[in-house]
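Q: Each chain, written out:
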Amino acid sequence: MSGPLARRLRVFRRNKLAVVGITILGLLILFCFVGPLVYHTEQTLTSLANSKLGPGVDGHPLGTDDLGYDLLGRLMLGGQTSLIIGLAAGLLATLIGTLWGTVAGYAGGWVDAVMMRIVDAGIAIPALFLLVVAAAIATPSVPMLILVIGFVSWLVPARLMRAESIALRSRAYVESMKVMGGGSVRAIGKHIIPNAIGTVIVNVTFQIADAVLLVAYVSFLGLGIPPPAANWGGMLSDGLTYAHDGAWWLILPPGLLIVMTVCAFNFIGDGLRDAFDVRFEGR
Amino acid sequence: MRLGFAQAIRKGTNHEGDLCAYCCTGRTAWGCGVARFLFWRVVQAVVVIFVVTVVVFFLLHQIPGGPARGILGIQATEDQIQAFEHEQGFDQPVPIQYLHYLGRLLQGDLGESFQLNQSVADLIGQRLPKTLVLTVLSTLVALLVAIPLGVWQAVRRNRPTDYLLSALTLLIYSTPVFLVGFVFIIVFAINAAWFPVEAPQADTLGGIFADSQALVLPVLTGAGVVLAVFSRYLRSSVVDNLDEDYVRTARAKGASETRIVTRHVLKNSLTSLVAMLGYYLPVLFSGALVTEKLFNYPGMGLLFWNAAQTSDFPILLGVVLVISLATVTGSLLADVAQALIDPRTRRVKA
Numbered sequence: 057m058s059g060p061l062a063r064r065l066r067v068f069r070r071n072k073l074a075v076v077g078i079t080i081l082g083l084l085i086l087f088c089f090v091g092p093l094v095y096h097t098e099q100t101l102t103s104l105a106n107s108k109l110g111p112g113v114d115g116h117p118l119g120t121d122d123l124g125y126d127l128l129g130r131l132m133l134g135g136q137t138s139l140i141i142g143l144a145a146g147l148l149a150t151l152i153g154t155l156w157g158t159v160a161g162y163a164g165g166w167v168d169a170v171m172m173r174i175v176d177a178g179i180a181i182p183a184l185f186l187l188v189v190a191a192a193i194a195t196p197s198v199p200m201l202i203l204v205i206g207f208v209s210w211l212v213p214a215r216l217m218r219a220e221s222i223a224l225r226s227r228a229y230v231e232s233m234k235v236m237g238g239g240s241v242r243a244i245g246k247h248i249i250p251n252a253i254g255t256v257i258v259n260v261t262f263q264i265a266d267a268v269l270l271v272a273y274v275s276f277l278g279l280g281i282p283p284p285a286a287n288w289g290g291m292l293s294d295g296l297t298y299a300h301d302g303a304w305w306l307i308l309p310p311g312l313l314i315v316m317t318v319c320a321f322n323f324i325g326d327g328l329r330d331a332f333d334v335r336f337e338g339r
Numbered sequence: 532m533r534l535g536f537a538q539a540i541r542k543g544t545n546h547e548g549d550l551c552a553y554c555c556t557g558r559t560a561w562g563c564g565v566a567r568f569l570f571w572r573v574v575q576a577v578v579v580i581f582v583v584t585v586v587v588f589f590l591l592h593q594i595p596g597g598p599a600r601g602i603l604g605i606q607a608t609e610d611q612i613q614a615f616e617h618e619q620g621f622d623q624p625v626p627i628q629y630l631h632y633l634g635r636l637l638q639g640d641l642g643e644s645f646q647l648n649q650s651v652a653d654l655i656g657q658r659l660p661k662t663l664v665l666t667v668l669s670t671l672v673a674l675l676v677a678i679p680l681g682v683w684q685a686v687r688r689n690r691p692t693d694y695l696l697s698a699l700t701l702l703i704y705s706t707p708v709f710l711v712g713f714v715f716i717i718v719f720a721i722n723a724a725w726f727p728v729e730a731p732q733a734d735t736l737g738g739i740f741a742d743s744q745a746l747v748l749p750v751l752t753g754a755g756v757v758l759a760v761f762s763r764y765l766r767s768s769v770v771d772n773l774d775e776d777y778v779r780t781a782r783a784k785g786a787s788e789t790r791i792v793t794r795h796v797l798k799n800s801l802t803s804l805v806a807m808l809g810y811y812l813p814v815l816f817s818g819a820l821v822t823e824k825l826f827n828y829p830g831m832g833l834l835f836w837n838a839a840q841t842s843d844f845p846i847l848l849g850v851v852l853v854i855s856l857a858t859v860t861g862s863l864l865a866d867v868a869q870a871l872i873d874p875r876t877r878r879v880k881a
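As given, the protein sequences belong to chains A and B, one line each in that order. To get our numbering, take the position in the first sequence, counting from 1, and add 56. To get our numbering, take the position in the second sequence, counting from 1, and add 531.
In case anyone wonders, no lab produced these hints; they're calculated from the structure. Beta carbons are placed, not taken as given, at the ideal position from N, Cα and C, and that holds for glycine. Fair warning: there could be bad hints in the mix.
To be verified - Among the chain B residues that face chain A by a calculated CB cut under 7 Å, a handful are:
{"id": "1", "residue": "VAL574"}
{"id": "2", "residue": "VAL578"}
{"id": "3", "residue": "VAL583"}
{"id": "4", "residue": "THR584"}
{"id": "5", "residue": "HIS592"}
{"id": "6", "residue": "GLN593"}
{"id": "7", "residue": "VAL625"}
{"id": "8", "residue": "PRO626"}
{"id": "9", "residue": "PHE709"}
{"id": "10", "residue": "PHE713"}
{"id": "11", "residue": "ILE854"}
{"id": "12", "residue": "SER855"}
{"id": "13", "residue": "VAL859"}
What the hints assert, rightly or not - Covered by chain A, according to a simulated footprint, are these stretches of chain B (three or more residues, beta-carbon under 8 Å):
{"id": "14", "region": "695-705"}
{"id": "15", "region": "843-850"}
Could you put the whole structure together from the sequences, leaning on the hints where they help?
A: As structure tokens, then:
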């Protein structure tokens with residue numbers, strides 16, 4: 057095989073950490089989405105008589121939480137929420153940021169100045185604080201968290217894509233297409249975004265990692281999705297309340313899964329960055 | 532959360548023909564002198580502050596029950612609300628209302644807290660210094676560790692120790708801050724009993740410093756937020772700088788590797804780190820929010836968190852506004868400092 061795609065795949069595969077990242081991610085997805093089909097547990101009705109059982113007690117491999125839910129089953133259920141929010145919010149943020157940044161960079165002049173000052177203002181307002189305000193206005197749900205996280209984290213991709221767009225808009229192939237009568241939409245959709253796709257793809261992975269962390273922080277601040285729904289961040293912060301009493305099994309597994317997910321996406325992102333030869337962000 | 536774009540700014544558009552994005556005058560960036568740069572950078576900051584106030588004003592109108600309900604409280608009657616809306620001009624067109632809001636802001640009026648029977652400006656005035664103590668100390672600790680770490684990794688790049696430290700910093704980055712802080716509490720406060728579980732509770736700054744032992748764990752936790760980012764940034768910045776022509780020249784002139792790093796490279800890398808610090812203020816404040824909640828530290832973050840529990844919107848929006856203003860000011864100062872130190876940054880702006 058040859059061609060750019062095959063070459064990128066080769067570079068990506070040569071990065072051992074990236075392969076590790078993909079493997080971890082694959083296993084996590086299997087665990088969360090296929091696991092419940094194999095391992096059936098009650099995750100809606102509480103069972104206070106079985107509250108905070110240790111690992112291995114009464115057929116609960118990882119024990120139970122304060123409400124008596126089986127922890128292993130809950131980790132699968134919570135992982136679905138965490139991964140769905142992370143993926144969807146990361147994709148949404150990148151989509152908004154890509155369009156915004158590309159248009160701003162392509163248009164230039166005052167349009168660019170106005171659009172980028174809006175980005176600057178967004179960056180000045182800390183995302184976590186905005187999320188808390190949003191959660192105080194409306195009760196959090198999965199779609200709401202996706203929307204809000206997406207809308208607070210599109211700013212970095214917007215900046216990156218603006219720089220790409222400025223660099224690409226004066227390339228000969230874009231110029232000649234314009235001479236032949238091609239419009240701005242065609243220039244952006246057919247030439248600028250496809251040529252900057254590396255930046256977009258690499259950024260998505262980092263956005264997803266950050267979204268997973270943001271969900272955890274919101275849950276810690278007590279503004280996560282209310283039960284019986286679960287997510288790793290919520291399980292972790294709920295577990296903190298009981299870990300003082302020695303219930304370490306309530307925080308170790310969800311904490312580990314969050315760290316693994318974020319690391320996996322960062323590994324994949326680093327691998328993709330090498331594959332696409334994208335130079336950005338000091339990481 | 533991650534704003535590693537300072538690097539992108541340096542890398543992205545480093546061509547002579549680029550326009551100076553600050554002045555929109557169409558002249559190339561090389562044509563912009565210091566004074567012009569400073570002027571347009573300040574104008575930019577003012578525009579950004581304006582946009583921030585519009586966003587907060589918009590949020591004020593999203594409060595359940597509207598701003599009148601927001602200011603008068605849950606128990607206000609319908610008549611009171613109408614009277615208030617007329618008095619405050621809330622029955623006027625939205626742009627006029629915005630001007631009134633802006634006028635109040637200029638007088639330092641951020642509204643009254645629903646629950647605490649105090650003006651939001653006073654509350655923030657009491658709490659902000661404590662949060663600043665926490666963030667400044669955390670940042671200093673993070674820099675103290677991150678700078679030697681990043682430089683050492685860059686000098687010994689692509690060796691086992693570098694990989695190990697990179698993995699370690701990524702691990703710290705990937706761990707939620709509250710989990711790091713919680714482990715600190717379990718290990719150092721409960722098991723070892725070296726430090727108290729709770730942060731200093733004193734009302735005054737002097738009282739907080741007097742209880743310095745209780746400050747250790749919150750500061751370390753806060754440092755964990757940015758330590759990983761700073762050291763990774765510095766590592767790649769030093770690595771990039773080591774490839775530059777001036778380093779080759781210095782080597783050719785016989786400068787030792789130590790001298791090259793300490794006298795040449797570090798100067799450039801630290802300058803860009805300073806600029807990045809300004810842009811990382813939102814992350815630092817977010818870290819303070821989490822740390823203050825975990826350790827019950829009576830700063831602005833805890834004020835904000837308590838307000839979120841009681842839906843005290845004037846406090847929530849007041850804090851958002853103050854933090855945003857602090858960020859805009861901080862990044863302005865950082866950019867200006869960088870521009871004055873390093874003339875190359877004046878011509879590039881993504």
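Q: Now tell me if each hint is right for this structure.
A: Here is how each hint holds up against the structure:
1. Annotation: interface hint on VAL574(B) violated; nearest CB of chain A at approximately 10 Å, more than 7 Å.
2. Hint status for VAL578(B): holds, given a least beta-carbon distance of 5 Å to chain A, under 7 Å.
3. The restraint placing VAL583(B) at the interface with chain A holds, with a minimum CB-CB distance near 5 Å, inside the 7 Å limit.
4. For THR584(B), the interface hint is violated, since its Cβ never comes within 7 Å of a Cβ in chain A; the closest pair sits about 9 Å apart.
5. Given hint, HIS592(B) at the interface with chain A, is violated; its Cβ is 11 Å from that chain's nearest Cβ, farther than 7 Å.
6. Residue-level restraint check for GLN593(B) holds (minimum Cβ-Cβ distance to chain A is 6 Å; threshold 7 Å).
7. The interface hint given for VAL625(B) is violated, since its Cβ lies 19 Å from the closest Cβ of chain A, which is over the 7 Å cut-off.
8. Evaluation of the PRO626(B) hint against chain A yields a violated restraint, the C-beta minimum of about 18 Å exceeding 7 Å.
9. Hint status for PHE709(B) relative to chain A: holds, with the closest Cβ pair at about 5 Å, below 7 Å.
10. For the restraint placing PHE713(B) at the interface with chain A, the shortest Cβ-Cβ distance is roughly 5 Å, inside the 7 Å limit, so the hint holds.
11. The criterion of a C-beta within 7 Å of any C-beta in chain A is met by ILE854(B), whose closest approach is roughly 6 Å, and the hint holds.
12. A hinted interface residue such as SER855(B) counts as satisfied when its beta carbon comes closer than 7 Å to some beta carbon of chain A; here the least separation is about 4 Å, so the hint holds.
13. For the restraint placing VAL859(B) at the interface with chain A, the shortest Cβ-Cβ distance is roughly 5 Å, inside the 7 Å limit, so the hint holds.
14. Figure legend: the region 695-705 of chain B, annotated as covered by chain A; annotation consistent (4 residues with Cβ-Cβ distances under 8 Å, at least 3 required).
15. Under the rule that three or more residues need a Cβ within less than 8 Å of chain A, the assignment of the region 843-850 of chain B holds, with 4 such residues.
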